[in-house]
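Between the sequences and the hints, there should be enough to build the whole structure, so can you do that?
Protein sequences, first through last, are from chains A and B.
Following UniProt numbering, the numbering of the first sequence begins with 1 at its first residue and continues without gaps.
Following UniProt numbering, the numbering of the second sequence begins with 1 at its first residue and continues without gaps.
It should be emphasised that the hints constitute simulated quantities derived from the structure, not laboratory data.
A short, non-exhaustive set of chain B residues, derived as facing chain A with CB atoms under 8 Å:
#	residue
1	F3
2	Y6
3	L12
4	F13
5	G14
6	P214
7	L249
Quick reminder that beta carbons are idealized off the backbone N, C-alpha and C, glycines included.
Protein chains: 2
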Amino acid sequence: MNFNYYIPTRILFGPGKLEELSKENLPGKKALIVISSGKSMKENGYLDRLIKILQSKQIEYALFDKILPNPIKTHVMEGAQLARKEGCDFVIGLGGGSSIDSAKSIAVMATNPGDYWDYVSGGTGKGMPLQNPPLPIVAITTTAGTGTEADPWTVITKEDTNEKIGFGNYMTFPVLSVVDPELMLSVPEKLTAYQGFDALFHSTEGYIASIATPMSDIYALKSIELISKYLPECVKNGNNLEARTQLALANTLSGFVESISSCTSEHSLEHALSAHHPELPHGAGLIMLSEAYYTFFASKVPERFVDMAKAMGVDVDSLPEDERPFSFVKALIELQEACGVRDLKMSDYGIKKEEIPVLAENARTTMGGLFELDRYKLSLEETIEILNNAYK
Amino acid sequence: MNFNYYIPTRILFGPGKLEELSKENLPGKKALIVISSGKSMKENGYLDRLIKILQSKQIEYALFDKILPNPIKTHVMEGAQLARKEGCDFVIGLGGGSSIDSAKSIAVMATNPGDYWDYVSGGTGKGMPLQNPPLPIVAITTTAGTGTEADPWTVITKEDTNEKIGFGNYMTFPVLSVVDPELMLSVPEKLTAYQGFDALFHSTEGYIASIATPMSDIYALKSIELISKYLPECVKNGNNLEARTQLALANTLSGFVESISSCTSEHSLEHALSAHHPELPHGAGLIMLSEAYYTFFASKVPERFVDMAKAMGVDVDSLPEDERPFSFVKALIELQEACGVRDLKMSDYGIKKEEIPVLAENARTTMGGLFELDRYKLSLEETIEILNNAYK
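This is the structure in structure tokens:
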């Protein structure tokens, strides 16, 4: 038992917490607000509420509202240029994971020279160290999915090479995060499910990763328990604030898991899918992969799967020993059925079976690091086998 | 469900972690090392090992080695003066809670004018805001008891008025803490038990406090579980590194509990005892109080007591409903028997029954804030009643 622990983000958690921002010391005098190109931040009034809070504190702002669901490097560079031009001294990401991740990457490029991919490791990234600390980052999450408000990670796609790669270090934790479940009530049914499963897989991968620690285990099992209890209700009845709050807590816990443990190759595989098919939501891609992925690993790390099955409420002790690890996969499928996402198909998003070898190769080159954190080292053939089994 | 979360300390956890300090960026060029007046840091070689690590990093140091088991304000002021005179730009607390707490308070007074009690709230403290940020604090804990390596709190006694009061804020978290269970192997049997129960009560109080949150609950229940599993073995077989490691983890978790929830009036009561009788170890005082204290509160917040009983491994479901809350108290007594501390008596430390009204009054004036965080508000009479019931 040997680990380093560091999660320095200050988190304001709970219904109504957005308003408390007006009582907080914010880390600058002019914010770059980063939001998606969609309408929801404006139509739901979240952007106006944030602007009013900033105005009440005499904080200026500039707005960058171009972020795509799968955010791209071009917008990171464009946002960073705007931050510099406008003299912004901190960045606020308002929205889902794509906006907050973009805010993190923009904060990095607002203070560092060259191209974002100079600093990314993996694929064609040059892996150079940052020359300057990023601008301080504030995260206001309106979804329960990526956990990015409680971790240092940002995932950006380089469009010309179809590389979707994570980046982050001790300087890219948000200094302040707002997790206000009232802002999540407006998330539509399908997205709620996709995002909830993304959070679930951050915790399940973090639990089976080789670098899991007793601290990440505590967070992971609690998060798995909460998601399996509350996600179906959030999907069915999006206005249930109590269920949304529990799911938001699970998501923040899964961010903690990612901060101190790691995702595994499941995330590398999904990044390959959605890098090549940007219209595929990340969470949906993970769901499509999950049965095949966890079935493969259940026999490799059976004890960990038994723990996860217990966390999902399975009465493991009543089962024959050899069935116990697979009871997690069964519970996972039942949860997908309960959330109406059991029928997701790669073919519906234009993914062809012939692409699989290329996707497997992409996953292993662009995010090979996560394969190193699996407790069982997948060969290229086994990677292809998992993708083939997942293909519908 | 509504809370703010902030635990920014970087923690190096695990056997052998002290050596990793040499690879860390330390927050200054000259350290004030704060240790106790006892021999253990020198005789066990811990001080020499720390000095060698500092030397390997070209970091200078000055040594302040006067800290008492119940640390006093005089030494805080003296240590701060030494830090200023020697030009130290950070403080390292090496040892148990008394040394680390003193390091925190010295860090405060090294950069702030006037007297330490100007900044303390409660009792005769003036509760003034700090004028300057404290020096950065590094904590190297050699015990599993106070959790101070993972929280912002420091407890110091003002000798002339017998006031033992906690102080801390977001600036008194250690920036870096080392929790190396190898350094704990040398803690004698009795102290291991006293400190282990101190850690337990940080978690049990944090669990029954009115400001407990789902996050502090996660830490508290895990800590209670680990302490009840591993403390007897640590007491009986101090060289069991696995048991020491689990206990150290429990203690760090109890520090997290204190960071985001709070102790309750049990700690106020104990501070009164050991402020008037400084030879009484804090953990021993808590043990003496605990049966009476938790028996009183078991009927006030029964659900919380049932959860804690479960965490201690009690098969609660097999008991009649009205016995369940009290099964926690029973488990607590059994744990005290297993650790050889069931026979501790106030009278053995010179505490007289006639003092009880004064002690109750002291607890309520110097640390009345914690009484406000009880879920049931104790009257003065009830406070005296608990102390009377605890008296042997």
